[in-house]
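There are 2 protein chains.
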Amino acid sequence: MAHISHSRRLRKTPFTPGVEAAGVKAYTVYNRMLLPTVFEDVEFDYHHLKSHVQVWDVSVERQVELNGPDASRLMQMLTPRDLRKMQSDQCYYVPIVDDKGKMLNDPVAIKLCDTRWWISIADSDLLFWVKGLAIGAGLNVEVFEPDVSPLAVQGPKSDALMERVFGSDVHDIRFFRHKRLAFADTSFIVARSGYSKQGGYEIYVEDGRYGMAIWDALFNAGEDLNVRAGCPNLIERIEGGLLSYGNDMTMENTPLECGLGKFCKHAEGLDHIGQEALTLEAAQAPERQIRAISIQGSAVSPARTAWPLQVDGETVGSVSSAAWSPDFNTNVAIGMVRMSHSNEGTELTVETPDGPRLATVHENFWI
Amino acid sequence: MAHISHSRRLRKTPFTPGVEAAGVKAYTVYNRMLLPTVFEDVEFDYHHLKSHVQVWDVSVERQVELNGPDASRLMQMLTPRDLRKMQSDQCYYVPIVDDKGKMLNDPVAIKLCDTRWWISIADSDLLFWVKGLAIGAGLNVEVFEPDVSPLAVQGPKSDALMERVFGSDVHDIRFFRHKRLAFADTSFIVARSGYSKQGGYEIYVEDGRYGMAIWDALFNAGEDLNVRAGCPNLIERIEGGLLSYGNDMTMENTPLECGLGKFCKHAEGLDHIGQEALTLEAAQAPERQIRAISIQGSAVSPARTAWPLQVDGETVGSVSSAAWSPDFNTNVAIGMVRMSHSNEGTELTVETPDGPRLATVHENFWI
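Heads up: the sequence lines are chains A and B, in that order. Each residue of the first sequence is one higher than the one before, counting from 1 in the numbering used here. Each residue of the second sequence is one higher than the one before, counting from 1 in the numbering used here.
It should be emphasised that the hints constitute simulated quantities derived from the structure, not laboratory data. Just so you know, not all the hints are guaranteed correct.
The list makes no distinction among identical chains, and a pair is therefore deemed to hold if it is satisfied within one copy or across any two copies.
Under the rule of at most 25 Å between Cα atoms (straight-line distance), these lysine to any residue pairs were calculated in the SDA-like manner [what the hints assert, rightly or not]:
1. Lys50 / Asp114
2. Lys12 / Arg174
3. Lys12 / Asp354
4. Lys197 / Ser7
5. Lys100 / Ser72
6. Lys102 / Leu139
7. Lys102 / Arg11
8. Lys100 / Pro69
9. Lys12 / Thr349
10. Lys25 / Val42
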């Protein structure tokens, strides 16, 4: 297993001192920033996440701020999802597509007010796309990366831990809503959201100088809750069907292929990039579809490339993420398959680096 | 030292099988793709690069293709460098700036013809910026990432090795010019260029399926030249003053601060993004400047953050890259300092993670 070479270019985060003191064992790089992937080991981290509460350094979810009179107009240009009824305390998962309807990112948009938005991004320089569009189209809006680093609190005991640090106001935050809550001599936007199915919050830490203060406050308050440093967990996110941009979908895919059709419904009067391409695709139905896939046999290694899914030697799809699930006693995976092979129970062969395995298509993830 | 977690998102390259068979020990991630950083060790790799010939997987220099009637117009919008006299076999180093004159990337532009360009990018999703601008401004040009992966051949014996694989035509290629040369049943654009000061070429391998064929051809032809797998070398690139986007300059910097003023000369009739901001800055002179810095004492560790440069407790700059140079018997570094402290011989204190060290500013790198 190769090491990672550190440099300024692979940015540290405001929480890196805490992450390294907690004994991080491996990193990935996400938006040119360090994202922890393993603390104890992936299975230990998984069981702990499902039983207790974890604090995750997800600073890599960099924010793109849209600020100015044309902010809402630009935000709607970016996505097929209808934002017109969105309120100033809401978060929306928004597919971002190009002029051909291909996925550029799948972020969460946070509406702060009509003239100010944050986009909490997946792994691509969405800042460049949004700035390029704004300048090319001559819009009156500033587009930049603010000093905001999300810290996630995830797991069944996250409500208890958050109440101890932010007070009982946290309970009033509904799913995918946010509220500004006091901390020390400042305040942070806190949303009920996060990249797990175990429940929890994301704290949008403004001003990196507060990073270790909020990190330490959470650990000090949560000792008897068995709080640990954690990170998005490969097994848990596959079980829950949480897609990863760059892994399970790329610029080669449309939102309809990714099961995101519900965010792309045609609405009268909406004007966004890629509208024509998506309308055409919706009329014809997409060629392929994201599916849950189970893989028989012993634990597979993580997928470093897309593994071909075949039937009678013909490739009909691929697996993009895979892991052994202790709770479901099978390898769980995410893949994309031709519509003709997407029904529940379809049996295929997956070509893993260790040889072919039997794979079964499922219409639902393990939730 | 933490490991790197592999996934499909951190893309392998057409040469990864060769790189891993050669025993790569560490990777960085660059443009969401794996870039080797160490084979034997950084010092061994350095001495070998300066004495023999190395083959480098620099697929991470992804290409952005501009193709269509407005390609040349769009290319000129992107950069302050005057491209009007550029010929169809030339490569130009081009600063790319935003509307505020801040650096977004420092790629090499390769002109294939008036309606077709490649931009061989540093570490940021320039594709998103260029596509966004083109769509925002309604230009008639396709912008995409083609299946092209550069393979560099670097070192004093690179001419000899390249002649054996491509014939004596390679000698006719002048510095920063390119030529299409035959290989097997195809042909590749070959340029005299590369991210070292040891001389060499970059082969723009079109169609990843040829990756291992050209890799193997170079190794088979170069056995008696002591050819080895290599990679951009931290020590050698600092000695040579080769800047790294994300390390030595970021979106916080202007090209004038980075010593790239010669590519930003005002020219009548030129129309590019950031023109107004750069003209204003040129009239006032930039506030700070990239400089070579030597650091006294034993070998420093690689810089994971910018290390403050101070005088009498006041910060007047920072060091962004540093390494021990065996050939110059000192720590060599790249930093940015206030103009008031940029003269040859200025003595400063650098705050390294291991404590303060004496640092000296130099007007020239170690070449």
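Right, here's what the structure says about each hint:
no.: 1; hint: Lys50 / Asp114; in the structure: neither (37 Å within a copy, 58 Å between copies)
no.: 2; hint: Lys12 / Arg174; in the structure: neither (31 Å within a copy, 41 Å between copies)
no.: 3; hint: Lys12 / Asp354; in the structure: between (35 Å within a copy, 18 Å between copies)
no.: 4; hint: Lys197 / Ser7; in the structure: between (33 Å within a copy, 21 Å between copies)
no.: 5; hint: Lys100 / Ser72; in the structure: both (22 Å within a copy, 23 Å between copies)
no.: 6; hint: Lys102 / Leu139; in the structure: both (23 Å within a copy, 19 Å between copies)
no.: 7; hint: Lys102 / Arg11; in the structure: between (28 Å within a copy, 19 Å between copies)
no.: 8; hint: Lys100 / Pro69; in the structure: between (28 Å within a copy, 19 Å between copies)
no.: 9; hint: Lys12 / Thr349; in the structure: between (41 Å within a copy, 23 Å between copies)
no.: 10; hint: Lys25 / Val42; in the structure: both (10 Å within a copy, 23 Å between copies)
Hints 1 and 2 from the list above are not met by this structure, while the remaining hints are.
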